[in-house]
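*Asks:* As given, the protein sequences belong to chains V and S, one line each in that order. Residue numbers for the first sequence follow my numbering, so the first one is 4 and each next one is one higher. Residue numbers for the second sequence follow my numbering, so the first one is 4 and each next one is one higher.
For the record, the hints were derived by calculation from the structure and aren't laboratory data. Treat the hints with care, as some may be off.
The list makes no distinction among identical chains, and a pair is therefore deemed to hold if it is satisfied within one copy or across any two copies.
Unchecked claim - List time: in silico BS3-like cross-link candidates among lysine-lysine, alpha-carbon distance up to 27 Å: (1) 138 - 657; (2) 718 - 667; (3) 667 - 657; (4) 744 - 657; (5) 138 - 47; (6) 208 - 667; (7) 47 - 208; (8) 536 - 718.
Number of protein chains: 2
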Amino acid sequence: MSDVEVTGGDLVLVVIVAVVALAALALGFMFRREVLAAPTGTEKMMTIARAVEEGAGAYLGRQFRTLAVFAAVAFVVLFALPADDATVRIGRSIFFLLGAGFSATVGYLGMSLAVRANVRVAAAAEAAGREPAMKIGFRTGATVGMLTVGLGLLGASVVVIIFQDEAPHVLEGFGFGAALLAMFMRVGGGIFTKAADVGADLVGKVEQNIPEDDPRNAATIADNVGDNVGDCAGMAADLFESYAVTLVAALILGSQALGDKGLVFPLIVPAIGALTAVIGIYLCRPRAGENGLRTINRAFYISAAVGAVGSALAAFLYLPGEWSDLAGASGVAADISPRLLAAGAVVIGVVLAAAILALTGYFTGTEHRPVKDVGLTSLTGAATVILSGLSVGFESAVYTAIVIGAAVFGAALLAGGTTALALFAVSLAGCGLLTTVGVIVAMDTFGPVSDNAQGIAEMSGEVGEAGAQILTELDAVGNTTKAITKGIAIATAVLAASALFASYTQSAFDAFADATGDTEDAILGGFLVFDAKLLVGALLGASVVFLFSGLAINAVGRAAGAVVYEVRRQFREIPGIMEGTGRPEYGRVVDIVTRDSLRELATPGILAILAPVAVGFGLGIGPLAGFLAGAIATGTLMAVFLANSGGAWDNAKKLVEDGHHGGKGSDAHAATVIGDTVGDPFKDTAGPAINPLLKVMNLVSLLIVAAIVNLSYGKHESDWLRILIAVAAALGIAVAVYISKRRPVAIGSSDGEPDAVTSVGDPVSPV
Amino acid sequence: MSDVEVTGGDLVLVVIVAVVALAALALGFMFRREVLAAPTGTEKMMTIARAVEEGAGAYLGRQFRTLAVFAAVAFVVLFALPADDATVRIGRSIFFLLGAGFSATVGYLGMSLAVRANVRVAAAAEAAGREPAMKIGFRTGATVGMLTVGLGLLGASVVVIIFQDEAPHVLEGFGFGAALLAMFMRVGGGIFTKAADVGADLVGKVEQNIPEDDPRNAATIADNVGDNVGDCAGMAADLFESYAVTLVAALILGSQALGDKGLVFPLIVPAIGALTAVIGIYLCRPRAGENGLRTINRAFYISAAVGAVGSALAAFLYLPGEWSDLAGASGVAADISPRLLAAGAVVIGVVLAAAILALTGYFTGTEHRPVKDVGLTSLTGAATVILSGLSVGFESAVYTAIVIGAAVFGAALLAGGTTALALFAVSLAGCGLLTTVGVIVAMDTFGPVSDNAQGIAEMSGEVGEAGAQILTELDAVGNTTKAITKGIAIATAVLAASALFASYTQSAFDAFADATGDTEDAILGGFLVFDAKLLVGALLGASVVFLFSGLAINAVGRAAGAVVYEVRRQFREIPGIMEGTGRPEYGRVVDIVTRDSLRELATPGILAILAPVAVGFGLGIGPLAGFLAGAIATGTLMAVFLANSGGAWDNAKKLVEDGHHGGKGSDAHAATVIGDTVGDPFKDTAGPAINPLLKVMNLVSLLIVAAIVNLSYGKHESDWLRILIAVAAALGIAVAVYISKRRPVAIGSSDGEPDAVTSVGDPVSPV
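Go ahead and model the full structure; you've got the sequences and the hints to work with.
*Replies:* Here it is in structure tokens:
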């Protein structure tokens, strides 16, 4: 890699990219001011909004303090891991912190704007009507979108400018920081939002028969806080991470495949995406009487098309027509010219985004057959609702996986037989996806903002029927955009993970050659897919995805149980809540969920970090490759399955609430409420967290591979130390799982008081 | 392989194995006579039993006629596929039919005995008490166990005797026949049993509030027929297939790794298993007052220990102490002697069986924490029951996968670095597992027999309270044994599939060398796990598992919907059913389920057969290897997840029915009934069918690999023909999926009459 240098015109281009990044950030702040300039509604609405804001702020503050410990440990370990030289060692650690900091910043700023935007959307719906309300929602999303794109591009381009040929290794640190923080924010925020939501629904809707967001329910504020810390902060960090890691992967592989131009072109494509995102955002101008989803889709498709054309043009202008003209490239070549290859790969990525948008819309939209079918099964009860929703999830996951697989295969096919080039093409398809991220984030943020606006309207009771109707419509649109974002996010995960996976193998070979003096051919046998040990690795990779999902869902169940018992207690002990004369203690529920979420996020996080360590040091670098492949394959399916079955249940409920199959209050409605409750942790906790999980595991593997090779073959060869590390990691996971398993399921234990169930003679023990 | 010959003492040993197989069959018929000699109960009980027998017989008859078409097509295709010579070509096709025939025979005989045993168990519970009733159940299982072991050993040993060095290729046909039939019987029977069960429960328990197996419910006979065709016939065929394919895999790899002795030793181990199974069966003597599960566990552990010691002894007596003494072996060697390697691998297999027994018992047994926790969550409603059950499934799948992975890794580690030897060791571990199959089948058959006995007792109303209590206890024991069997079956699937996978690669290399004259090194690169196309293969392999599961669950939903509407119609139109003066038309429900199950089994079956064809011909042999690895990894997790979450829900319901959390009729009970209903197609349709699915896909790949290589590299190189085949296969899958998707969900369409829902103004269309 030492022959790669970004100078002259290339350097100027990268500086321009950095300037584009800064411009995107500036634009973001402009949008932010636009949002904050909108009127804030009545005093009562502001009181509620402030309570939500405080709760969300308090949660994020405590979460960042908790995560600081993880980040500090990771910083030290990262510093200690083998590196090419001191520059890489220091740069990698510092940019790890920067990546984590950026991830946190995007999440924090997104959330802090959203909590202020919510009340403004509610006020606008009441006072100014549908279009102004929708516009505030879009502008909030646009701010977060610009922030994501700006910080991602800025970080990557600065690394390339400063570190030149060593940029790839430093970028590993940057990407790891972003992914690690995002994973924790996704898991923690996901547990928070769904524990509060499920808990509030179970007592409110099911037991007390009061509507959603009813102020008599002590969990309502927590529920709204959850929307902000989970769907807003967590999601924003997650998409930032997707953006950053995809970019990192493309830059690493680009420098290997194309030399210096490979360090520049992957920056140009998303820079074009930043510009087209602005077009998309301005196109998101609601027309009177038009369905909100239609507006969003139009904006997406137009900006995606512009992005595809722009990127293809850039490929033809920037890249040479012949492979031999690529300075610094190590003799790679495909049957088609570099221009065509790059343009083709980027277009594949854009088309993939559009395909996922269409697929997800089909499987989770109320107007298509799958959700209608799920709604229909509500006539035969909750069990058939669950089964049909699971089927929709299974099947939509398959089609999404096939589409993603086709994109990967198509990109690889463009590159012909060369593995390095094929993987670079895959990562370029990832960059193509990135051109749509700005709009995607804008679309997604729209979801929680309108959800929360509806909550504030409902709680304050100060939005009339017309306003409420507008907010309900916006909320439904938000549901579908949320599902689409998850599909896009997992697609970026697969493309980025495939690419990182390749860097992993390359690093393994490099380290092996360094350590033993042999060529990479000597360990190639260890990477053959039919090797029994490698199959075990794949089995373990698939296992981690299942365990992670199970842990996340379980965590929600436990935390929701705590909410249920606290809300029940308040109904029991505080006089006059149901009559509206007593006021529930909202803050206590927020506290309980905060504490539980932070406690629960540790186990899945530890699993993600330590599993590759245990497999890599314990079984070897070949099985670790199998592990990553197994995790990617299973993780893709699982992530989409969880997201789409959850989305289908949610919208099947909306279908019934719109008056089908008996409407609100019918048995069919009760059945779909159960489906929606099951879907909550699927779609908002476990499912979306698999995306950063895959990236974290890939990046951990990439970072430790040199150490594994050193202990396995190198001059520090030491089987006992290797096994010791593996055993310690495995034990770490086991202890974390054991501790979280010891917590009681669905019983409010957090406040230390005896609760309704265990105090009634512990009915379980005599079995 | 041409230097392998089984002569002299080895031939005598194989003949002895064949004699042991015949002895096992004879013993099976002896047990059968014992069962049939028991008294048959009252005339009313016999009437019911005869109705069940007729329904089951009619279903299996129609199923075999349907499957004959598939078998005939497969026979022709098999005949046309490339083969080493005419002997292999003819032998492979003929033994394909024999394997399929044996699979069908085991299923049919098992079912036909079970339907007669059921009534005898019920009669014994009433007239003679617990021990005699239990004994009849065990003896029924013992018959099926002996049949499984006897036919499996007989088929394999006869192939070795006749075909000698060409036995491995002929065995591919034998295994494929067994796996294909078993898969269809698992899927078809699984859809039948659960459609009838779910349909009966939804109308009977939920809507009409009448108990299970109430004669007023028109679906009761169909429900009991289902137990026999699904849990009995399907399961027996499945375990026979597991037995046969594991044996086939070990023989194929054995001849490659150890030469002639490798074709004999894998037969000796299960022959010893046949003997120890007899010990186990005679040990299954219920002691007065002892829990039935305890009796079964004791029998299992003792016979497993005897089998392990016996097999280890056989290794030391039969195999040489030095690798150089192995005639015909191609220079393979491990650090430990062949004796130790073989003994160690077999013992690993036996220990694996015991570990799975313990794990499954823990996760699905009512006396352990997981099921208790699921039961506890029933206090907060159905949604939390579903979520906690899913978590149990996810987590138990992980531990089971880790245990299986440890066994594979351990066996591979014994063999050191040689891949061929490592994979033979893995397949020997599979043979170790086989030593326990006789007892396992006996245990498993116990489940449906006692379930049905309870059904007959309930329907006839002629079994008193004491007798009913006994049958309820036996049924609960049966539930756990069923879950254990599924765990063992999936473990054999992983071991066999890993081994078959290796044969696939070897065949690919052989075919490649034949076609091009190059050595295998020339295509080794295509099997590297980090290749982008191979990752796509893995993604598609994981996808097939998800799609298959989704299709199977959906099929149950659709067929159950048909049952619901038919039973409702009968309640509505036949006067006096609820009062007991009118008699429901049981036969119509049986007919509907029969027709629907046969129609529904085609799509998953076509998927299993054509998916490897599409991937292999379309993407190449490397991606097909990735496909198989992805399918094995994801399939293992998915199979255990589905089986154990289903088992946990079932037993959580039993827990509540035993009086916990409010007991029968409480809200908690209703919540667990929903959980159980969701679990039904999980544990009895989709989950168990994944086991034969994995084997079918591996065997299809093994059979087509030479053809793929020929079209890709050989003298018949033809990209257009290759792509044409792939596209045709993909289209075949797409059409099959499309046709099954076009059927309405959960609406009784089979009888062509307008049903309750669609006639009420089609409430879905105006959305």
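*Asks:* Taking each numbered hint in turn, which are not upheld by the structure, reported in ascending numerical order?
*Replies:* 2
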